[in-house]
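Peer 1: Top to bottom, those sequences are chains A and B. No gaps in the numbering here: position 379 of the first sequence is 379 in the working numbering, and each next residue is one more. No gaps in the numbering here: position 23 of the second sequence is 23 in the working numbering, and each next residue is one more.
Please keep in mind that the hints were generated in silico from the structure rather than gathered at the bench. Think of the CB as a built atom: it goes at the ideal place given N, C-alpha and C, for glycine as much as any other residue.
With a cut-off of at most 27 angstroms between alpha-carbon atoms, the simulated DSS-like pairs for lysine-lysine come out as follows:
#1 A:K148 to A:K118
#2 A:K116 to A:K141
#3 A:K381 to A:K303
#4 A:K303 to B:K117
#5 B:K60 to A:K385
#6 B:K117 to A:K359
#7 A:K359 to A:K297
#8 A:K146 to A:K196
For each label pair, taking beta carbons as the anchor points, the in silico distance ranges come out as:
#9 A:A273 to B:E36: 52 to 62 angstroms
#10 B:P100 to A:V30: 41 to 51 angstroms
#11 A:P94 to B:R63: 51 to 61 angstroms
#12 A:Q27 to B:E56: 56 to 66 angstroms
#13 A:F113 to B:R19: 25 to 35 angstroms
#14 B:E56 to A:K303: 30 to 40 angstroms
#15 A:D247 to B:A74: 51 to 61 angstroms
#16 B:E56 to A:R389: 13 to 23 angstroms
#17 A:S322 to B:Q86: 20 to 30 angstroms
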Amino acid sequence: MERQTEGSVIYLDNAATSYPKPPEVLQKMVQDYARFGVSPGRGSYDLAVSAADLVWRARKKVAAFFHAPDPSRVIFAANATDALNKALLGLLEPGDHVISTRLEHNSVLRPLFFLKEKIGITYDLVPFDGSGRVDPDEITKLFRHKTKLVVMNHASNVLGSVQQVEAVGRACRERGIALLIDTAQSAGHIPIDMEKMHIQAVAFTGHKSLMGPAGIGGLVLAPGLDVKPTFTGGTGVESHNLKQPADYPHRLESGTLNLPGIFGLSAGLDYLAKVQENVEEGKHEIRLAQMLYDGIKDIPGVKIVSPRPGADTVPIVTCTVSGMVSSDVGDILDGDFQIAVRTGLHCAPLVHETLGTVKTGAVRFSPGPFNTGEDIMQAVKAMEKIAMRAK
Amino acid sequence: MNNQNSKTAKGEPGQSYYRSVAGLTLLFDNEDYLWEPADWTEDVARVLAQECGIPELTEKHWRVIRFMREFYFANGRAPLNRQLKQGTGMTLMEIEALFPGGIKQDARRIAGLPNPKACL
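Work out the full structure, taking the sequences as your base and the hints as a guide.
Peer 2: Below, the structure written as structure tokens:
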């Protein structure tokens, strides 16, 4: 498909958000919203019922995508951070113990810290090894009587490394501990099967590799895991009752839903189902990431901190340039070479603390489905020039 | 430290603090960015540059600093990368090379622009 980006920019920041969106996703989202953009589940007129039906279909698609048995336990949220907050604040109680990792994004670290300060939970953060992976045994070693939850990302947003979720899930199931997975980086790249992987809750976002718009994501719950509502309001059902409905999804969804976002997410999932019929298509970004990794790994002054992309990573290559802060590398890539990347700490400060890159940050390249080998060649050439002038 | 520049203790992150620079008592944020861009003077820039390891500001430094400030006061924000390149007639790589701590940390600080508050 022809790329349609602003100007001639080579966009390599797909781990932040996929760009551009497939035109057919945007078109379908706009078409559906133009046609059915009324308040779903609130009125009995045909248009409102039709809108509610489309929302239900979207829930079913999400449930099928994550191999979750009950679509009513697909809770729409603004993004993965919102979904993680719903889960963490709704699950944890004073005295609970949580296990997480040093790979986490602030979307997990900050709610955990907040709950520690606010209600007195405790938590341990498991370190990762040189390939960016957490040993499942290191997690199980920390299980204790009060451990209620393990929360971890499926793939690191800094290193791209994919975690052994199934092994962790099996151990959690044996101990009756819930497992919450942040799939912000993995959904759309790595198959996620909640049943097979013994995952009780998945937080996802629609705007990255699910190819939907920003502002839509969600929480998918396995049967048996109950989350308390952390905000309440109108749901369109049980209006006579001042208590929040106990049934899902209303229990955790108040206020008018983000209908254009849901339509866009639904169209994104359709798009993915279509393109992933072609297995080679799914490997395209990994091949590009490998090409980039191999192209810059021997440039003097460039230090790659992420593992070589492959079957056990998402398409991310992260590096530093000797003597330069990452934001300047990013500004030069942008201003002089029209290449857009993400720099800084990537909202994952403990990863950078471990890597020793807190002061400078790091430069993250994340190719997407519309990038080409030529884009990667341009990025490699640019990095050669930047590294040559590095102090 | 020269006698034109006596520091007071910095506050906690997110707080501001006063210090004396080039004979003026100025408010800075905790990361040493000037709080109020209008308080900036060329003498202040010279002192801040020395603190950044630039003993003397050259014509090229001034070209960057002046463009950044003109753009800021005309538009209410710092220039985009391409605007900085176009407005100074220099590449970003050339600009970065002029300032030991780089563009966001040094050039922007010396120009008296507000803290971009971005993870570097």
